[in-house]
Amino acid sequence: KNQVEQSPQSLIILEGKNCTLQCNYTVSPFSNLRWYKQDTGRGPVSLTIMTFSENTKSNGRYTATLDADTKQSSLHITASQLSDSASYICVVSRYNAGNMLTFGGGTRLMVKP
Amino acid sequence: DAGVTQSPTHLIKTRGQQVTLRCSPKSGHDTVSWYQQALGQGPQFIFQYYEEEERQRGNFPDRFSGHQFPNYSSELNVNALLLGDSALYLCASSFEGGSYEQYFGPGTRLTVT
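For the record, the sequence lines run as chains A and B.
With this note's numbering applied, the first sequence has no gaps in its numbers, which climb one by one up to 113 at the end.
With this note's numbering applied, the second sequence has no gaps in its numbers, which climb one by one up to 1113 at the end.
Be aware that a few hints might be false.
Claimed, not checked - Part of the chain B face toward chain A, derived, beta carbon under 7 Å:
#1 Q1041
#2 G1042
#3 F1047
#4 F1069
#5 L1090
#6 P1106
Calculated directly from the structure, the hints in this document are not laboratory data.
By construction, the Cβ of each residue, glycine as well, lies at the ideal position given by its N, Cα and C atoms.
Given the sequences, and given the hints that come with them, work out the whole structure.
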């Protein structure tokens, strides 16, 4: 079964601290993995996209890693800001599946002052 | 360049009624996907339209139907609404010949009472 599991479900950190979110997937055949940021009640916004051959990609303070052998990914947020408070969703795309995406349940991050 | 737009932003319906949600894709995009996101959960794939035809479908009943118009805009129709249909409905567009990056709209919040 094609699934994407994320941990933790929720996380509270202090402003300025770093954090790492985890994603494990069983989606096959693998095409690419994306991390999205979703503010409450809004549509997801893409942070990074990684294909099979990429094992790290950065977007400002966001750095995503991918281990295609173990089917794991992480999203590291550096020097967190209050505006980082949101849900972070790991999404995996299946190869030759018409770009159908499988979403994880998300990690709800709250950054406190 | 307008991104993905959806209408209406909020909608309240009664059980048994029918609803139509609309989506205009990002300029240059020809593929539209629809997702349902229940509160606190990740989005679930409903279906995808390309060249005015449904190309992929997730695990949703026939009460959920759609349409894509020649200008690539799309509608999602839900018949015989149930309380459990209350959710944020997201539309995402992409370009078939591109990198498969999907851009999400802001969503339509549907409440069924």
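Notebook entry, point to check: Hey, does the G1042/B contact hint survive, CB to chain A under 7 Å?
Noted result: Holds, about 4 Å.
Margin query: Quick check on the hint: L1090/B CB to chain A CB, less than 7 Å?
Written below: 5 Å, holds
Note to self: Hint Q1041/B vs chain A: min CB-CB distance below 7 Å?
What the structure shows: Holds, about 6 Å.
Check: With a cut-off of 7 Å, does the beta carbon of F1047/B approach a beta carbon of chain A closely enough for the hint to hold?
Finding: Where the cut-off is 7 Å and the nearest Cβ of chain A is about 9 Å from F1047/B, the hint is violated.
Next item on the list: With a cut-off of 7 Å on the beta carbons, see whether P1106/B makes it to chain A.
Entry: Result: holds, 5 Å to nearest chain A Cβ.
Notebook entry, point to check: If you take the shortest Cβ to Cβ gap from F1069/B to chain A, is it below 7 Å?
Noted result: Violated - the Cβ of F1069/B stays beyond 7 Å from chain A, reaching only about 19 Å at its closest.
The structure does not agree with the numbered hints 3 and 4 stated previously, though it agrees with the rest.
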